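> Residue numbers (numbering that gives the first Met the number 0), protein chains in the order written: chain Y, 0 to 366; chain C, 0 to 366; chain G, 0 to 175; chain A, 0 to 175; chain R, 0 to 80; chain Z, 0 to 80; chain V, 0 to 259; chain U, 0 to 259.
Mixed in with the good hints, there may be bad ones.
Calculated cross-link-like contacts (lysine-lysine; reagent style DSS-like; alpha-carbon spacing at most 30 Å) [stated by the list, open to error]: (1) Z:3 with U:9; (2) G:123 with G:160; (3) U:233 with A:157; (4) Y:294 with C:287; (5) Y:2 with A:148; (6) Y:2 with Y:184; (7) Y:187 with V:50; (8) G:170 with G:104; (9) G:157 with V:233; (10) C:184 with U:50; (11) R:47 with V:189; (12) C:344 with C:238; (13) A:148 with A:67; (14) U:50 with C:158; (15) G:123 with R:38; (16) Z:47 with U:9; (17) C:2 with G:157; (18) V:9 with R:3; (19) A:67 with Y:238; (20) Y:294 with C:294; (21) V:233 with R:38; (22) A:123 with Z:38; (23) C:287 with Y:287; (24) Y:246 with C:294; (25) Y:295 with C:287; (26) Z:3 with U:196; (27) Z:3 with U:189; (28) V:196 with R:3; (29) R:47 with V:233.
Ranges of calculated distance between the beta carbons of each label pair, as one might list FRET restraints [to be verified]: (30) Y:359 with C:45: 42 to 48 Å; (31) C:291 with Y:349: 26 to 32 Å; (32) C:46 with A:79: 55 to 61 Å; (33) Y:338 with A:110: 30 to 36 Å; (34) C:291 with G:142: 44 to 50 Å.
Simulated from the structure, these hints should not be mistaken for lab results.
Nothing here was measured: the structure is a model prediction, and the numbers come from that model.
In this text, a Cβ means the ideal position worked out from N, Cα and C, and glycines have one as well.
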Amino acid sequence: MAKQLLKGNVAIAEAAVRAGLQAYFGYPITPQTELLEYLSARMPELGRAFVQAESELGAINMVYGAACTGARVMSSSSSPGVSLMMEGISYIAGTELPAVIVDVMRGGPGLGNIAPSQADYNQIIHGGGHGDYELIVLAPANIQEAIDLTVLSFDLAEKYRSIVVVLLDGSLGQMMEPAELPPMKPLKTSFPEWATRGEEGDPRHFLSSIYLDPSEEEVANLRMMRRWQEIKANEVRYKEYSLSDAKIGVIGFGSAGRVALSAVRSARAEGIPVGLLRPITLNPFPSKQVEELAKKVDSILVVEMNGGQMLDDVLRDVNGRVPVEFYGRPGGVVPFPDEILGEIKRLATQPIPTEGTPRDRWLSRMP
Amino acid sequence: MAKQLLKGNVAIAEAAVRAGLQAYFGYPITPQTELLEYLSARMPELGRAFVQAESELGAINMVYGAACTGARVMSSSSSPGVSLMMEGISYIAGTELPAVIVDVMRGGPGLGNIAPSQADYNQIIHGGGHGDYELIVLAPANIQEAIDLTVLSFDLAEKYRSIVVVLLDGSLGQMMEPAELPPMKPLKTSFPEWATRGEEGDPRHFLSSIYLDPSEEEVANLRMMRRWQEIKANEVRYKEYSLSDAKIGVIGFGSAGRVALSAVRSARAEGIPVGLLRPITLNPFPSKQVEELAKKVDSILVVEMNGGQMLDDVLRDVNGRVPVEFYGRPGGVVPFPDEILGEIKRLATQPIPTEGTPRDRWLSRMP
Amino acid sequence: MQNEIIFAGFGGQGVLFAGQLMTYAAMDEGKEVTWIPSYGPEMRGGTANCTVVIADEEIGSPLVRNPKAAIVMNLPSMDKYEPLVQPGGVLVVNSSLIPRDAVRKDITVVRIPANEIAEELGEKRMANMVLLGGLLAHLPVLPVKAIEKALGEHLPAKRQKMLPANIEAMKRGAGY
Amino acid sequence: MQNEIIFAGFGGQGVLFAGQLMTYAAMDEGKEVTWIPSYGPEMRGGTANCTVVIADEEIGSPLVRNPKAAIVMNLPSMDKYEPLVQPGGVLVVNSSLIPRDAVRKDITVVRIPANEIAEELGEKRMANMVLLGGLLAHLPVLPVKAIEKALGEHLPAKRQKMLPANIEAMKRGAGY
Amino acid sequence: MPVKGRIEVNELYCKGCELCADSCPQGIIGMAAERLNAKGYHPAEMIKAGCNGCGICAIVCPEAAISVFREVTQSQSEDKA
Amino acid sequence: MPVKGRIEVNELYCKGCELCADSCPQGIIGMAAERLNAKGYHPAEMIKAGCNGCGICAIVCPEAAISVFREVTQSQSEDKA
Amino acid sequence: MTVSAPVSEKTIYSRPESLTTTPTHYCPGCTHGVAHRLIAEVIDEMGLREKTIGVAPVGCSVFAYNYFNFDVVQAPHGRAPAMATGVKRVLPDRNVFTYQGDGDLASIGMGEVVAAAARGENITIIFINNTNYGMTGGQMAPTTLPGQITTSSPNGRDVETQGYPVKAAELLATLEGTGFSARRSLHDPKNIRLAKKAIRTAFEVQQRGLGFSMVELLSTCPTNWGLTPSNAQKWIEERMIPYYPLGDYKVHPMLAEVKI
Amino acid sequence: MTVSAPVSEKTIYSRPESLTTTPTHYCPGCTHGVAHRLIAEVIDEMGLREKTIGVAPVGCSVFAYNYFNFDVVQAPHGRAPAMATGVKRVLPDRNVFTYQGDGDLASIGMGEVVAAAARGENITIIFINNTNYGMTGGQMAPTTLPGQITTSSPNGRDVETQGYPVKAAELLATLEGTGFSARRSLHDPKNIRLAKKAIRTAFEVQQRGLGFSMVELLSTCPTNWGLTPSNAQKWIEERMIPYYPLGDYKVHPMLAEVKI
Ligand SMILES: Cc1ncc(C[n+]2csc(CCOP(=O)(O)OP(=O)(O)O)c2C)c(N)n1
Ligand SMILES: Cc1ncc(C[n+]2csc(CCOP(=O)(O)OP(=O)(O)O)c2C)c(N)n1
Ligand code: SF4
Ligand code: SF4
Ligand code: SF4
Ligand code: SF4
Ligand code: SF4
Ligand code: SF4
Ligand SMILES: [Mg+2]
Ligand SMILES: [Mg+2]
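So that you can see chain Y by itself, here it is in the shape it has in the complex (with noise of 0.2 Å):
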């Protein structure tokens, strides 16, 4: 297919009508809204299952039940709306069903603001919800990375019976860039066995969440953490930029990414050894890469649209090997090139200081 220039959030939807969406529940929020309301006519013109929920609580309880029926379902919406599902997130992981969030983040804490950001981070990634659970996330940086996730996240739901994120910023969701879509993908008509269907003469089955005996709940907890080393083996991704010979490493995902591949690019003109490595799957977090990265390089730059929040993942991976320096733009500002730019020459020219955190030495840096 010849390529189409797409808005973001455009591009997920039918990405996703694509990858055979058969239901699709939400409730509109800036800088997600065009998701919604793309598939309010898309989806009814297709004859499948549209809802503008009620609220996000609802959304995302209406996500569990389809998902019950083992039928491709999703939501979508942005920081505010995510934390209301919360609670729906961990008993759908605690069902161990599949099914598809997109999450297109905004400035925070609180209403905040409407810009890009990626303060959510520590929601998504690290249990926003309650109790031992994991979610894939995966994180594009452009609109075709964008399409290709969104069709993944299907695939890898189903074939892990997980809940799997689409995380990315309102920049995102709102710019537009060529890209191409996939093919349309028919409709499931064969259905996993632990499915609800009222299908006659199917045996019966109940989902829950459910395990009032700790030892089961025990049981269940770690069949779910060991298919997550499965997960981790099998589903890291990430790409590298002019890694090869870098004497600097910078981590960045999504838009930061984005922004630092061009802060690295003007580094190397200037002929500074810096490469960039961006995770793509946010989780399972790319540990060997950040680890190995810090076996060869001197020092390591984490960027992020936040206050430091996977910086925090990237230090348990460096594990002390070498110095690793922080720049974040919280509260919904998105950084310019040139602001990175300066930091890895910074790292390039001066020592590597080692006193406080890498997030106190930033702080001391900010105005």
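Starting from the known structure of chain Y, arrange chains C, G, A, R, Z, V and U with the ligands on it as the hints suggest.
Positioned in the frame of chain Y, the structure of chains C, G, A, R, Z, V and U with the ligands alone reads:
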């Protein structure tokens, strides 16, 4: 005052009353319900506000409103209920208001069960809501501590205009121990300048978490992060047990810390040089203490009633200095001392493995 | 020095109350003490048990796998806890409801027809006190006086008149 | 090689559409391209702007602090973006609404009375096309033909009859 | 002559709540005082004759523990035919 | 002789929505075609005489931009006294 | 005494197929069991067992999936109508119902049930009103009667500070999407029969695509009321029914021709 | 032309004190502004400005705190009634009201507003029904009319799949805790006067401790309706009022003696 035999949930409720609790908003949920039931009688008797809200969502937003008046307010719940509070918590944090939340954790994810658990560590410590914010989190390990920390929570909340979470597991809520209650504090009569109280003659105020201009939101975020640095510098609390000459350091909080203490004592009785570090403030986390510990012991054992959550924070702070092992019981199971004793003995006698992560090694040891 | 006692039986047999009495008494004696119940599913009925730990120093785990002693008031509890009592420990059995003998030989087993004795004394619900008396006779962690004091303070008002009977019940139990 | 152009003005002046036209054209020319709007507060009105980046290799940041060129359709936009254009870059000014002259001497400043020209051609809303024509004349990142093709494909059906006029508008703008 | 019926109480389900006994128009249901079922309840049983198979006990039973049967006399079966 | 009144439109608030003009019974309000206020709107103004200070325009104004005044004739002030 | 079976007899009543053989965990005499039984009977009679999907709540009936012999999913507290909506939108021809308590539906779940009714969601709600939160030990519910003592209204519900009971059947009847809304009671044989009819009607409404249907059932909680099962039934008759009048509050016109 | 002021004149109308001097961000002709004005006038007339605390919603009126000249807090989307409850319970003698849109109150916030009404919470709700989600660009709201086209009902609201409009005034009137529930319109001078009366009544109810009070106001959204301000007002008259009858749906008996 003389010691009384008190149940955890009741002790916390009465401690809050004596700390000057003016309004309580909650919803029933096991294993926290006695706290609400106690206050349903106690608060009206004192002419103070008690509302059984329509839900935890209602409760946290009643807390939000009441906190705007500068009064001492509190809610309490357990895991699934706390998940429903995430949007409200993010709003309260973003509005920089003081409030106290008691979370009596139970087994999850989802509906799970009502047994004691620590599986909401990540949700509470690493931001279950959206946006960059931090909560002060206090983790008592016995009833006297539960009382003292509850009183402290109101002072810290006001001092730093922050939410303080008293985080405990179901067994602490349900067990009885002799403990001393503080004297009754009078209700506040003077209120902070920012409070919206509709007072004659006051300049008008408004309270909101909205900062439509990202650069203003960034300023607010940075202000809060710097306040957090202050909190981290002033408010770290922990308890050490026979660490002076220890070669093995055990780290555990709340009930897991108690159980570990029994194991440490037995191990000492057998001549094993082991000690215990029990974090009392989970946020701010005793990073310095963990770092110091890592400098003097040969290995560290992290014990939790979950699948390894605080573990990541310990790994970050140990920063590769010594090998770390993990032992956890997820899903609502409480470990017995002998299980942890077994782990300590293993560390004392066998070479500490280094391949894989502590979590992976633990999973390989679990049935 | 630390002692752990588990009280187990049907809901309604007063196992939680017996445990609490001992906890109050220990507290009055200036000991460190913890009381922790098994809090079942969010619903009624079933079996109940509690663990009491009495010690001289700060208590670690309020739960133990192998208690120094156990009072079992019905068969399921017997089956569950007999194997767990520490060697050399004490198992107090309500023989009124538990037909079978204990199999352990390395522990002191005290069989008391608590229900019969309680009914003789005119109040079925005192079976727990009978067994508590039996326990204290073989595991003197606390002076009986301390328990009597606790009884006086914590027996529900409407049952205060039963105080002497309760004390008598303990005495009778102590005789086994 | 990478070029960045910012289009800025009042909502309703067609800055977003002009930017999109250029983006479509760049795509058809096989270039890498990004278009990103400023999406304002969750409400109506105010000023609008968008950034278009056209390059030969994968594009990093879709936003730049210092664009190669800027089209400013009202005074606030002039005040905001004149200082930001790269030295040697191009600033296209809608002189119909912007009285003041540019202060920068190190950039090419093109002043075009776009509103007047557009009204002459019988459609106020074509001012954006006039300015686009002016831009392409001084920053030939794309052949005018490519824009015309994009126009043909993306001008709303009801305005297709205005196609020739739009092309004429670009021509007129190119004259400055 | 009155219709004759009988009931069977499945003791697996019965919890001795006595609702059936309260509602039986013939007052012929009682709880087996001497017997306890697996769950520890005194189960319901017919304590005297006179059941006419009206089914009321089954209607009130929360545990669906009761099955009700009615004798078919010659006439009735003929009606059927 | 009819009551005389007048209005003042605060151009800081006016958005030229024309609701006042539509509702003025005397039809004496119009938008200043040639003038734009700070927000870029053509503000409302009285375009002819005849205002009787009925206040209807103020009642419909979403921006509370209109103040209404009414002349006090001798008689009226006497009534007051 | 036992009576020997006659030569030929017919079965007047036997346990419905739509119930499993698992004994319930409900307290003796709790009419949750009667509600379960009636639902099972109706689904058997309508031949819907193999195409029914039930949604269990959080409450004493959280384990309903153990007792119903058809597919069941279990919702977060109060969210059953949303979860049922998700199921129904994917499988429109299935018979989908929720079973909810009064804390679940009338307190934490009010938003979801009103929205489902407003959407005219083609699902059925069986609503168990026992004036308290049974599972958590008898706290006040929105349905608790004025002056009624519960563990969270220890001095009796004070309407001044704790508000007035919510009448779900009346409230949901105001919504256009509602095809059927009725209140029945489970306190005696006659009313149990009427309750069953109403449940049948509700499912008929769903089968005919006439919109949202709800049956509120006054149900006992002997344990938390501190009454014997039979006294609990009297309490319904004497205390509850005066406050919660039985009857139909919304009946879709097209139901006239439905014979049950 | 301008008229010179006469020697002596009296002021018939001037901007109320309870409004700040900040111009609003509302679109030209949007009657959110009229609603703000009426609230400010009533609060001035009742002398409550210095003891009033308003609760702003999430919606176009999220910035209400910039326009009201008294204390204002701003709630999460839909939670204003809960937040107002928190304020009122701590400061029972203050005048506490929420200002909410139809997405805010009738969709995401239905649970909170029904619960507040059921509790007879002594607060006032000003409810702006403009049949869509204004702030997010005109999506369907629970109040959107059948067949009405919005950005999320592009083919017109299909009641079969998207349900029926919610009538908040009628629904909240069914709750015993409600002391006053009425619907008014802001589309012409006469109705604006009546709307102001109703707002006054609602605050009087609160001042007298007669329970929960709510005024639903039919309001224009010229921008998302794609109509001029004056055509938007006609649209209210011709399309909305037939569906949303104006009137009082619940009036506390003790209001009879209240003269306004
Ligand atoms: C979010 C959440 N809040 C609270 C609870 C605790 N909880 C379990 S059941 C229940 C109330 C059940 O009462 P009701 O719905 O009336 O059902 P019943 O037990 O009376 O049949 C509550 C509050 C929970 N599980 N989840
Ligand atoms: C939890 C959450 N969900 C969604 C949103 C996005 N949002 C902001 S305003 C709004 C709807 C406002 O519509 P309405 O309440 O009718 O007010 P109006 O703008 O029409 O006056 C929505 C959905 C949000 N801010 N928070
Ligand atoms: S009604 Fe049913 S459960 Fe109750 S006693 Fe009779 S048979 Fe047993
Ligand atoms: S069938 Fe009728 S008569 Fe027979 S036992 Fe049951 S209720 Fe009594
Ligand atoms: S109604 Fe008010 S805002 Fe509208 S034009 Fe008249 S004065 Fe201006
Ligand atoms: S006061 Fe009356 S007459 Fe005067 S301008 Fe206003 S509406 Fe017209
Ligand atoms: S607690 Fe009440 S509702 Fe729950 S099972 Fe027991 S009697 Fe029934
Ligand atoms: S979008 Fe609609 S509701 Fe919002 S301000 Fe504009 S006209 Fe008013
Ligand atoms: Mg109930
Ligand atoms: Mg609206």
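> Going straight from one Cα to the other, do residue 50 (chain U) and residue 158 (chain C) come out at no more than 30 Å?
holds (27 Å)
> Hint check: residue 287 (chain C) vs residue 287 (chain Y), CA-CA at most 30 Å. Holds or violated?
holds (27 Å)
> Quickly compare the C-alpha distance for residue 294 (chain Y) and residue 294 (chain C) to 30 Å and report which way the hint goes.
holds (22 Å)
> Assess, step by step, whether the Cα of residue 233 (chain V) is no farther than 30 Å from the Cα of residue 38 (chain R), and give holds or violated.
holds (26 Å)
> Evaluate the given range 44 to 50 Å for the C-beta pair formed by residue 291 (chain C) and residue 142 (chain G).
Holds, at about 46 Å.
> Could one say that the CB atoms of residue 291 (chain C) and residue 349 (chain Y) fall in the range 26 to 32 Å?
Holds: the Cβ-Cβ distance is about 29 Å, inside 26 to 32 Å.
> Given the hint that residue 123 (chain G) pairs with residue 38 (chain R), test it: the Cα-Cα distance must not exceed 30 Å.
holds (21 Å)
> Is it true that the CA of residue 246 (chain Y) sits at most 30 Å from the CA of residue 294 (chain C)?
Distance of about 29 Å is within 30 Å: holds.
> Are residue 47 (chain R) and residue 189 (chain V) close enough, with their CA atoms no more than 30 Å apart?
holds (25 Å)
> Is the Cα-Cα distance between residue 295 (chain Y) and residue 287 (chain C) 30 Å or less?
holds (28 Å)
> Sort out whether residue 157 (chain G) lies within 30 Å of residue 2 (chain C), counting only the CA atoms.
Judged against 30 Å, a Cα distance of about 26 Å means the pair holds.
> Are the Cα positions of residue 2 (chain Y) and residue 148 (chain A) separated by 30 Å at most?
Answer holds: residue 2 (chain Y) to residue 148 (chain A) is near 16 Å, not above 30 Å.
Violation of the numbered hints given earlier is absent; every hint is satisfied by the structure.
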